[in-house]
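Visitor: Below are the chains, spelled out letter by letter.
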Amino acid sequence: MNKDITNIKSGKEMLDDFFNEFEQIPKINQNLAVVLKNLYKDNKFTNTNITNALSDLRKEEEK
Amino acid sequence: MIKIKNINLCGIRGVKSDCSIDLDGKSILIFGESGTGKSSISDVLEWFHNDRVEHLLDGEITRAGMLEALRNVSLNDTSKSLVSIEFSNPVLNSEKSILLRKDSLVSEYSNKSQDFITLLKEIQKETFILRHEDLTGFVLSTKSQKLDYFSAIIGFSEVTRIRSVLKKAVNEVKKTINYKNYENLINTQQSHLVEHLGENIISESQFLKSVNLLIKPLKIGCEVNNFGDVDNVLELIKTPDNSEKIDLQSFYIKLGDLISDLENRTGEIKALYKSYHDQYYKILSDTDKFQKIMLSNLLTEGQKILQNNIYKEEACPLCLQPKDLKELLNEIKIRLEELEAFKKEKIKLEEAKASLNNKYDNFYPLLNSLLRDPKLNVSENKTLKEMTQKLEKQLSEYLAQLKADVLNMDEIKNPIELDVDKDLLNKIKELASEKYNSIKSSMGNALIVENSTKIHFSKVAYMEILRLKKEKEILDSQLSSLRLIYSEFVKRQQDSLNSFLDFFSNDINSLYQFMNPGEKVEGIKFIPLEKDDELTGITLKMQFFDNEVQPPHKFLSESHLNCLGISFFLTAAKAFNKNIGFLILDDVISSFDSNHRSRFADLLIDKFSDYQIVLLTHEKHWFEYVRNAVKSKNWIVRSIKWNDEKGTHLDEPPEKSKDRIEFKIKNNTEDGLGNDIRKYLEFLLKQIAANLKINVEFRFNDENEDRMAYELLTCLISELNKQPSDLKTQSVIKRLLTSLFIGTKDSHDSSFKPKMGDFKAFWADVEELENLFYCDSCNKCVSLKYYDKTSKKIKCSCQNGKSYDWKI
Chain L
0 MNKDITNIKS GKEMLDDFFN EFEQIPKINQ NLAVVLKNLY KDNKFTNTNI
50 TNALSDLRKE EEK
Chain W
0 MIKIKNINLC GIRGVKSDCS IDLDGKSILI FGESGTGKSS ISDVLEWFHN
50 DRVEHLLDGE ITRAGMLEAL RNVSLNDTSK SLVSIEFSNP VLNSEKSILL
100 RKDSLVSEYS NKSQDFITLL KEIQKETFIL RHEDLTGFVL STKSQKLDYF
150 SAIIGFSEVT RIRSVLKKAV NEVKKTINYK NYENLINTQQ SHLVEHLGEN
200 IISESQFLKS VNLLIKPLKI GCEVNNFGDV DNVLELIKTP DNSEKIDLQS
250 FYIKLGDLIS DLENRTGEIK ALYKSYHDQY YKILSDTDKF QKIMLSNLLT
300 EGQKILQNNI YKEEACPLCL QPKDLKELLN EIKIRLEELE AFKKEKIKLE
350 EAKASLNNKY DNFYPLLNSL LRDPKLNVSE NKTLKEMTQK LEKQLSEYLA
400 QLKADVLNMD EIKNPIELDV DKDLLNKIKE LASEKYNSIK SSMGNALIVE
450 NSTKIHFSKV AYMEILRLKK EKEILDSQLS SLRLIYSEFV KRQQDSLNSF
500 LDFFSNDINS LYQFMNPGEK VEGIKFIPLE KDDELTGITL KMQFFDNEVQ
550 PPHKFLSESH LNCLGISFFL TAAKAFNKNI GFLILDDVIS SFDSNHRSRF
600 ADLLIDKFSD YQIVLLTHEK HWFEYVRNAV KSKNWIVRSI KWNDEKGTHL
650 DEPPEKSKDR IEFKIKNNTE DGLGNDIRKY LEFLLKQIAA NLKINVEFRF
700 NDENEDRMAY ELLTCLISEL NKQPSDLKTQ SVIKRLLTSL FIGTKDSHDS
750 SFKPKMGDFK AFWADVEELE NLFYCDSCNK CVSLKYYDKT SKKIKCSCQN
800 GKSYDWKI
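Chains as they are written, first to last, in numbering that gives the first Met the number 0: chain L, 0 to 62; chain W, 0 to 807.
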């Protein structure tokens, strides 16, 4: 066996890693990243919640 | 890893009375002719772990039918039907019985502990049993079934959901930008700047410079350097009488701007309504199907209830008809998948509706607000108001169609019946402009009035441009960030899946190559498939005579496909079983050619020595091959037999039959005693013949084992007669030729019925023979292996026990 199965990530591990690291993607809006990260952490990562959160964020940034 | 220590079956499948298999964690090779019931073992192990036996559940057999099939057919109502299993992890130890309650069969575990239930649930996710009929199940499954299989293993369904949510978020923001129509809105404001300042304004300094040009002729002794200064100047030059007029002018400008915006939007409104209309009638033409969508909530709830084991009766929770719950769960899954396709069409309709609604959100609230404005409700604006109301009515007709319920079969208007009258738009715009100009004229030609009006409206327009640009900039930033996030997410998902599939492919490849060395099939690889930016399936490719080909069943023989199936099963078990350390392989080599059979045995012994293998076969030659291969590998080798009395049972090892013979003699039990003694004698004679290399007539392997006591005894006597030892003078050897008659008669129908005294005499002779050749100290038979060349004697292993003169 040439590769250890323990190196293979499960779906949950992949998601956790992604949402812990995606803020480091160059040129992304950090406020938006925080909003998405919190929705994922709170198990509220749905389209309705994202649409509402992005709209609130826009209003905040337009001030 | 959990291994099996002991299995005890009673009254289950082919087993009538107790059948105990002591494994103590060791692998076992079991041979059984067809029809002896060897699959009783795999069936019962599958049932114990998974609470079902896959091949006993199909359209024709319900769960109750499965229990009926598991319970031995010869049992009466009160007889026991159970399996009791001991494991290396005692948490899992339990008895599982089939009981008759209220005229129906039920099953239950004796172990009710929470730890047991939790562990049992855990191991139910693991793969440990493979039968011949399931060998190529995965290899021949569809691309989407392969994707479902892997997704379930690595929990990718949530990853797919999050990816879809992110993709929708990208599209939502993109749509918001499109619906806003920023370019037109900014152009409208630019046209006001051109009207008031005489040029397009692209920067704050340019704006301030133009305003200063308007201030200069007024000779008020100041100029503007920032927006705050503009307000101060306007305050300085304002004429109180004109405030109301400027407000009214602002109103006409807003109305005019709205109409300009609408002129740009009417084409889009019509196109969006047409999409909505077409999708609406697509669904309306087949409402029967779509009405079933309403069942999806019910089915989803039912699915949750069954998946979480909230409902345990073997019947449909709604109609209460007897039903296997796993089968029911599968049917619900299929129905939900069908409904999913209808749902997608319904979602398309909802999206078309939402698109039109979103479009309206950008102008409709402002139109209604202008209609409610008191400035429009004055007598001189009667015509303007009527025209604007007419426009609102035309626009609201589109919205009214969105309220129709397609599943209620409501009709909606054809796109050609709806329209926004372009002439009406033009008339409103012209009238608003006329009203604006009329106020402008009424304000007189004084330069101060004219320029202050120009400064006021140009500032309003410029501020609006800045607001629109900022709003768009924020949306663009969100869109760009979401695109980057989505793209990184897709990359991570692909990397993760590819890494998993590479691992899996490499392992399958190495197992397949082990069984098929030097053949032109290489590089077996699982490849993810995507369509419209969605993961749709997984396919299996390979190098076949240096060409990449797919699917495997197009190119491989049945035997090679079986190899691939076995490689897949073993890889999956090795990769994903976290608890189970045993593998049940039931007649898996039936369709293998001879090369693959031996290779497969070598594979199990070489690569899976850490696992406890339960290997069942009816292929005698392969059994012999494996039996030879597992010598000194600490495997147990047994045969399965079937008879009327016991049903399916394991052939007892001879050393155990000695205890049974003594037990029967002690308890005066004649039943089968002569036969037991005869078989023990045959076992002894085979051992003696092997150790002393007694010449017997040649027979092929499978017949060699069937030699009878008489033949072995006469060959032994013949050899002893050639030897110098006094063994040949031992009367017991010749006596056995006669007493063997007791055992032979007892095992066949005969008018002669031996008594206990006869059996005791026969057994005494067998024991005497054993004592002649076996050492009391080391329990080993005298053997040529321990031949002493000096004294020319055969000895036992301890060298101080038995010894006889012997010439080679």
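Each hint should be verified, as a subset may be incorrect.
Simulated pairs of lysine-lysine, DSSO-like, Cα-Cα distance not exceeding 30 Å [claimed, not checked]:
(1) LYS11(L) / LYS303(W)
(2) LYS11(L) / LYS645(W)
(3) LYS490(W) / LYS11(L)
Interface residues of chain W toward chain L, partial, derived using beta-carbon atoms under 7 Å [claimed, not checked]:
(4) GLY154
(5) VAL158
(6) ALA168
(7) ARG491
(8) GLN493
Treat the hints as calculated values from the structure; they're not laboratory data. Here a beta-carbon is modelled for each residue, glycine too, at the ideal position from N, C-alpha and C.
Visitor: Hints first: check each against the structure and report whether it holds.
Guide: Hints, verified against the model:
no.	hint	verdict
1	LYS11(L) / LYS303(W)	21 Å, holds
2	LYS11(L) / LYS645(W)	51 Å, violated
3	LYS490(W) / LYS11(L)	16 Å, holds
4	GLY154	4 Å, holds
5	VAL158	4 Å, holds
6	ALA168	5 Å, holds
7	ARG491	5 Å, holds
8	GLN493	11 Å, violated
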